[in-house]
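Participant: The residues making up each chain are set out below.
There are 2 protein chains.
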Amino acid sequence: MDPYIIGINWGSSNFRAFRIGLDGTVSGRIEQPRGIAGLERAQMQALLEEVVAQWPHAARIYASGMIGSNIGWRDAGYVECPAALDVLAAHLHRTQIGAHAVAIVPGLACRRADGAPDIMRGEETELLGLIAAGALPANGLVALPGTHSKWVQLQDGAVASFVTAMSGEIFDRLTAAGLLASVVDGPAEDGPAFRAGVQAGHHGAGLGTLLFGARARVIRGDLARRDGASYLRGVLIGAELADVVRLWPAALAHDIPLVGAAPVCSLYAHAVQALGGQGHGIASHAASTRGFHALHQAAEALA
Amino acid sequence: MDPYIIGINWGSSNFRAFRIGLDGTVSGRIEQPRGIAGLERAQMQALLEEVVAQWPHAARIYASGMIGSNIGWRDAGYVECPAALDVLAAHLHRTQIGAHAVAIVPGLACRRADGAPDIMRGEETELLGLIAAGALPANGLVALPGTHSKWVQLQDGAVASFVTAMSGEIFDRLTAAGLLASVVDGPAEDGPAFRAGVQAGHHGAGLGTLLFGARARVIRGDLARRDGASYLRGVLIGAELADVVRLWPAALAHDIPLVGAAPVCSLYAHAVQALGGQGHGIASHAASTRGFHALHQAAEALA
Numbered sequence: 106m107d108p109y110i111i112g113i114n115w116g117s118s119n120f121r122a123f124r125i126g127l128d129g130t131v132s133g134r135i136e137q138p139r140g141i142a143g144l145e146r147a148q149m150q151a152l153l154e155e156v157v158a159q160w161p162h163a164a165r166i167y168a169s170g171m172i173g174s175n176i177g178w179r180d181a182g183y184v185e186c187p188a189a190l191d192v193l194a195a196h197l198h199r200t201q202i203g204a205h206a207v208a209i210v211p212g213l214a215c216r217r218a219d220g221a222p223d224i225m226r227g228e229e230t231e232l233l234g235l236i237a238a239g240a241l242p243a244n245g246l247v248a249l250p251g252t253h254s255k256w257v258q259l260q261d262g263a264v265a266s267f268v269t270a271m272s273g274e275i276f277d278r279l280t281a282a283g284l285l286a287s288v289v290d291g292p293a294e295d296g297p298a299f300r301a302g303v304q305a306g307h308h309g310a311g312l313g314t315l316l317f318g319a320r321a322r323v324i325r326g327d328l329a330r331r332d333g334a335s336y337l338r339g340v341l342i343g344a345e346l347a348d349v350v351r352l353w354p355a356a357l358a359h360d361i362p363l364v365g366a367a368p369v370c371s372l373y374a375h376a377v378q379a380l381g382g383q384g385h386g387i388a389s390h391a392a393s394t395r396g397f398h399a400l401h402q403a404a405e406a407l408a
Numbered sequence: 106m107d108p109y110i111i112g113i114n115w116g117s118s119n120f121r122a123f124r125i126g127l128d129g130t131v132s133g134r135i136e137q138p139r140g141i142a143g144l145e146r147a148q149m150q151a152l153l154e155e156v157v158a159q160w161p162h163a164a165r166i167y168a169s170g171m172i173g174s175n176i177g178w179r180d181a182g183y184v185e186c187p188a189a190l191d192v193l194a195a196h197l198h199r200t201q202i203g204a205h206a207v208a209i210v211p212g213l214a215c216r217r218a219d220g221a222p223d224i225m226r227g228e229e230t231e232l233l234g235l236i237a238a239g240a241l242p243a244n245g246l247v248a249l250p251g252t253h254s255k256w257v258q259l260q261d262g263a264v265a266s267f268v269t270a271m272s273g274e275i276f277d278r279l280t281a282a283g284l285l286a287s288v289v290d291g292p293a294e295d296g297p298a299f300r301a302g303v304q305a306g307h308h309g310a311g312l313g314t315l316l317f318g319a320r321a322r323v324i325r326g327d328l329a330r331r332d333g334a335s336y337l338r339g340v341l342i343g344a345e346l347a348d349v350v351r352l353w354p355a356a357l358a359h360d361i362p363l364v365g366a367a368p369v370c371s372l373y374a375h376a377v378q379a380l381g382g383q384g385h386g387i388a389s390h391a392a393s394t395r396g397f398h399a400l401h402q403a404a405e406a407l408a
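Protein chains in written order, with our numbering: chain P, 106 to 408; chain V, 106 to 408.
Hints are computed from structural coordinates only; laboratory data are not their basis. We put the CB at the ideal spot given by N, CA and C, even for glycine. Some hints here could point you the wrong way.
Covered stretches of chain V, as calculated for chain P (at least 3 residues, CB under 8 Å) [claimed, not checked]: (1) 313 to 319; (2) 341 to 349.
Far from chain P, some chain V residues (derived; all Cβ distances over 12 Å) [said to hold, decoys possible]: (3) G129; (4) R134; (5) A142; (6) Q150; (7) A151; (8) E154; (9) R165; (10) P187; (11) A195; (12) G220; (13) A237; (14) A265; (15) E294; (16) A310; (17) H359; (18) A391.
Work out the full structure: start from the sequences and follow the hints.
Facilitator: The following block contains the structure:
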């Protein structure tokens, strides 16, 4: 049987384990909605043991994501930016989960020019995997839209700086109940309402007034309820892009790779386009496995 | 027995009924956490009947707040700004709740200079009551901090324009669970962390990045967890004030009356002061009763 490693993208909500051949080929995957947010330590250990029972001959086991946070299995800390693959491989946090040796990937931390700190945990593995696989350029801005969107400046194949916007979580929590729940009826999609939101969020007032304003617009007949989600998403993404441009004025001047799930990347591409820029989606499902593969190679080279 | 009216401030969360003498004296109050958000129509009727059973000889019954919304008893609509007491009295929505005639106060709607619509329902009664009682000047900016803060421009004793910021609801929903719940440990209070938040929210990035940034600051040691709520509240209030100044550039040039609960008005006063302005709290508990009293007098004058 061909040798392989196990790579586990273990976040707050989801557990995704992959069996990865030494040539990078994925020969098995186990996905469960069992993120660390809902697990006690004993349950984390049991879940890992289930996976190892199916794949008992891994050369190494790697894990990335919130499993390495202070609410996961072990705090794997952060590596300071700028950070490239070799630095990450040199700072793998080697620990035991039950009887098994696991190398947990540290997160990345940066401090932007204005002194504001930022952190990521899990995205570093995806990013460095995509760079190693040539799917991302070694220089320039890349976006990872999601619940906590990351906008990352790459420099010579390293993560140089980044900013996080929690637009996705704001949308989820404010529309789940309360005032804005009554304004949302159906999914968000590109169109006039979405683009009006993008413009408002990018050029106008802050989120505190714009988000309430969505309800006023629906009540007063300016906005159809079925367009509520689209308008709200537009406002949040437009505001997020304003923050990106504030940090990096040339952000919209070049084509922006958008790494993530297709629907959200599509919305972001439309938003970027509405603001005069260009973006293209990059499927992220292979990003983690490429990352684990590249990390393993780098780690073995260090050994 | 002296004649009296019943005035009911019936919001989403709370029911506050007052027995008000024709000279404005409050001779009874019934307060229950039974806002319309948790009541079916039959329950609304039963609650009103309980109150009338205690105060069976009211000359008139008035109700303001979300009871007059499309999720309350009857949609009492909105009066367009500019709107003063007489206009509101002329547009009372007269309806029956069970066997009882009730006059529901309409909300107010405005459309600001940039075309953005806004709405209020319940605050109009408080405001016009305070003006009629001489507790507010007939001209100038007044703030009503709360879950959905209102900033109102008064002109010749009328509500001319206003803007709503849902800062309070954003704080509540984002800190109840999820990412920011882990960053909040203890109540918000004035101090260096609050004021740092005010400055950041007023001058810096948008809420999407600043709110995530609070977690990064705590994780990286820039902000103590016990200061998390203070910093977050500061960011939200600072951003709200930026929106107010964007609309009305001279907003911070004059002393701002702050109408609402003492703790939140105190925080807003500190925020305004941190930005070079001045604010003073006005207790709001008498605002509704003064409003009902003034509305009754105006309505009787029209009859």
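Participant: At 12 Å, judged by beta carbons, does A195/V keep clear of chain P as stated?
Facilitator: 21 Å, holds
Participant: Mind verifying the non-interface call on R134/V? Its CB should be farther than 12 Å from each CB in chain P.
Facilitator: 27 Å, holds
Participant: Does Q150/V clear chain P by more than 12 Å, comparing its Cβ with all Cβ atoms of that chain?
Facilitator: With a cut-off of 12 Å, Q150/V remains clear of chain P, as the shortest Cβ separation is near 23 Å.
Participant: So H359/V supposedly isn't at the interface. Is its beta-carbon more than 12 Å from every beta-carbon in chain P?
Facilitator: 21 Å, holds
Participant: P187/V: least C-beta distance to chain P exceeds 12 Å?
Facilitator: Holds, since 17 Å exceeds 12 Å.
Participant: Are there three or more residues in the region 341 to 349 of chain V whose C-beta lies within less than 8 Å of some C-beta in chain P?
Facilitator: This one holds; 5 residues, not fewer than the three required, reach chain P with a Cβ under 8 Å.
Participant: Find the nearest Cβ of chain P to the Cβ of A391/V and say whether that gap is larger than 12 Å.
Facilitator: 27 Å, holds
Participant: Test the statement that E294/V is away from the interface with chain P: the closest C-beta pair must be farther apart than 12 Å.
Facilitator: For E294/V, whose nearest Cβ neighbour in chain P is about 21 Å away, the distance exceeds 12 Å, so it holds.
Participant: Run the C-beta distances from A237/V to all of chain P and say if the shortest one exceeds 12 Å.
Facilitator: Fine: 26 Å to the nearest Cβ keeps A237/V off the interface.
Participant: Since A265/V was said not to touch the interface, does its Cβ keep a gap of more than 12 Å from each Cβ of chain P?
Facilitator: 17 Å, holds
Participant: Classify the label on A142/V as holds or violated, using whether its beta-carbon is more than 12 Å from each beta-carbon of chain P.
Facilitator: 9 Å, violated
Participant: Test the statement that R165/V is away from the interface with chain P: the closest C-beta pair must be farther apart than 12 Å.
Facilitator: 28 Å, holds
Figure legend: structure checked against the earlier numbered hints; hints not met, in rising order: 5, 12 and 16.
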